[in-house]
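S.K.: Sequence:
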Amino acid sequence: YRGTGAGWKLEAQAVELKNAAGQKLAGRLLLAGDAQTDETDNNPTAISQAELVLEGSGGQVWNAASGQGQGRNTGVFTSADTVLKLSQNTAAYGGKHQTAITWTLTNGPS
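In full-length UniProt numbering, the protein residues as written are 1 to 110.
For the record, the hints were derived by calculation from the structure and aren't laboratory data.
Note that beta-carbon positions come from the ideal geometry of N, C-alpha and C, so glycine has one too.
Straight-line C-alpha distance at most 20 Å; calculated EDC-like pairs for lysine to aspartate or glutamate:
# : residue 1 : residue 2
1 : Lys85     : Glu55
2 : Lys85     : Glu51
3 : Lys24     : Glu51
Just the calculated beta-carbon pair ranges, DEER-fashion:
#  : residue 1 : residue 2 : range
4  : Leu105    : Glu51     : 18 to 26 Å
5  : Thr74     : Ala21     : 35 to 43 Å
6  : Gly5      : Gly59     : 22 to 30 Å
7  : Gly5      : Lys96     : 41 to 49 Å
8  : Gly5      : Tyr93     : 44 to 52 Å
9  : Ala26     : Thr104    : 21 to 29 Å
10 : Gly94     : Gly67     : 48 to 56 Å
11 : Tyr93     : Thr45     : 35 to 43 Å
12 : Ala20     : Gly67     : 46 to 54 Å
Could you build all of it, start to finish, from the sequences and the hints given here?
M.R.: Next up, the structure:
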């Protein structure tokens with residue numbers, strides 16, 4: 001909390017989904033938040049559904065307009081709409097696959 005009331009936006013970006021051998025699975029991660037809280041009366045907008053293509057592209061997840069979203073905000077991603085959708089792939093490889101999500105919080109109105 002900086003106290004400027006300038007607003008903010010939260011974006012997420014995912015890299016490729018790979019196993020230990022570096023074999024990739026194409027797909028996308030749909031993040032859908034179903035709750036947010038703020039300790040003040042100036043809540044940010046509802047958490048939007050963001051589609052993260054598992055090849056490096058990202059999207060905006062949450063934002064607050066100027067004068068909104070001040071204080072402590074908590075986003076919860078427990079919605080049944082938060083899912084991993086894999087592309088049809090005839091050369092899919094087994095094993096444990098992982099990705100990293102980079103979260104970017106930007107100052108200023110969304």
